[in-house]
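If you're matching them up, the sequences are chains A and B in order.
To convert, take the position in the first sequence, counting from 1, and add 94; that gives the working numbering.
To convert, take the position in the second sequence, counting from 1, and add 15; that gives the working numbering.
Incorrect hints may have been included.
Stated by the list, open to error - Quick look at which bits of chain B chain A covers, simulated, 3 or more residues with Cβ under 8 Å: (1) 26 to 35; (2) 46 to 56; (3) 68 to 79; (4) 106 to 115.
Unchecked claim - Away from chain A, derived, C-beta distances all over 10 Å, residues of chain B: (5) 64; (6) 65; (7) 83; (8) 118; (9) 135; (10) 136; (11) 143; (12) 145; (13) 147; (14) 154; (15) 158.
As the list claims (entries may be wrong) - Selected chain A positions facing chain B (Cβ under 10 Å, derived; list incomplete): (16) 99; (17) 105; (18) 107; (19) 112; (20) 113; (21) 115; (22) 118; (23) 141; (24) 145; (25) 234.
In short, the hints are calculated from the structure, not lab data.
Quick reminder that beta carbons are idealized off the backbone N, C-alpha and C, glycines included.
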Amino acid sequence: MNRALRAQIRGAFSFPEPKRKRAFMQRLRPRGIGMAALVWTQAAYIRRGVWCACGVALLLALLSARRFPGDAARLMGALLPFAAGIAVLETRRSRECRMAELERATRFSLRSVVFARMAAIGIADLAVILLSAAALSLGSGRPALRTAAQIGAPYLATAWAGLYIERTPLGRNHSYLSMAVAAAVSALALGGEAIGLPLSALPSGAWGAAAGALAVLTAREVCMTLNMTEEWV
Amino acid sequence: MGSTDLEQVYDRIYRYACLRLRDAHLAEDVTQETFLRYLNSGKAGGGYEIRYMYAIARNLCADVSRRRRRGPLQGVSDGAGEDATDAALEGIAVRAALEGMADADRELLLLRYVNGESVGTLAALYGCSRFAIYRRLRRAREAFRRSWGGEDV
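Bound conformation, chain A alone (with noise of 0.2 Å):
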């Protein structure tokens, strides 16, 4: 079909103006959006270090299971702690990016944004920390609830701490003090034997109980981190 006759074809099917698109478009609402939606999205918004950590980490908790069957989950109880770190940094960068004023102007609370961003870190660390401890109690023969207690411990250890010191002004004043939260419990996990800790003889049944207490803690701290994020601003 040539083109001036399709211009004619497009001129015969032209229609009135519609009168009332105007009026009827500003009375569309925005759609609704659950949260698992919004996890989604936010996920997006996220840093890829904070995925490289989780990648790393897995990768890591792979290679040291082959490698040190006997060690690796010290050593992953050694690393986790920094992709904790990282995913309590997050939580601050509406503030740091200055984006907190133009986030609390969409669709969304801002306590919805953060808590969906701290949502997609929990979830991606929560996977890594399980498949690590599959592939680390494979690795070793110990059970695998002991082995995911073990290295999620100092994880869940360094997010309470850190979102704790978060939500003091030394913390809101200083960004990195989460990595120095992070470091201290990874010394702690690496070296705790040389100081007396035994840790690595510790019992399953401590370990759960020590996993249950931080991740009750840290749920918490979560909370409260939630509760202030509107008044930072």
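Following the hints, put chain B in place on chain A, whose structure we already have.
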């Protein structure tokens, strides 16, 4: 989806409804009802699925048509006055040729060459293969040529 995309979708559905119903006021009603049904359907995902919206609009137009008898398109002048240019006269002739075609062929030409819908969208809308759409488009162009008077299209 941005406001510009939303307006374009509105215009496309509106033109389709105008063609089917020949009444601009009813066409706007159908267009707005299409949007509302689409948004309430739970199928509204990342964007406005134009195929699904066309299907809603088609059903709504069918419902309206069953309840009324169609007449000439309301609110559109037939053409130019005494000092009509050649282009305006040709436009009238094109319109007359389109009126002489079957509804289905006319609808296909609107969707393809005015609304600019892809063959894939049309195939999904009509529930047939892309090859079938190509054949129907060829038949529609031939029908237009016959109605137009044998000019090469």
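Where does the structure disagree with the numbered hints, that is, which hint numbers, in rising order?
Per hint list: 3, 23, 24, 25 violated.
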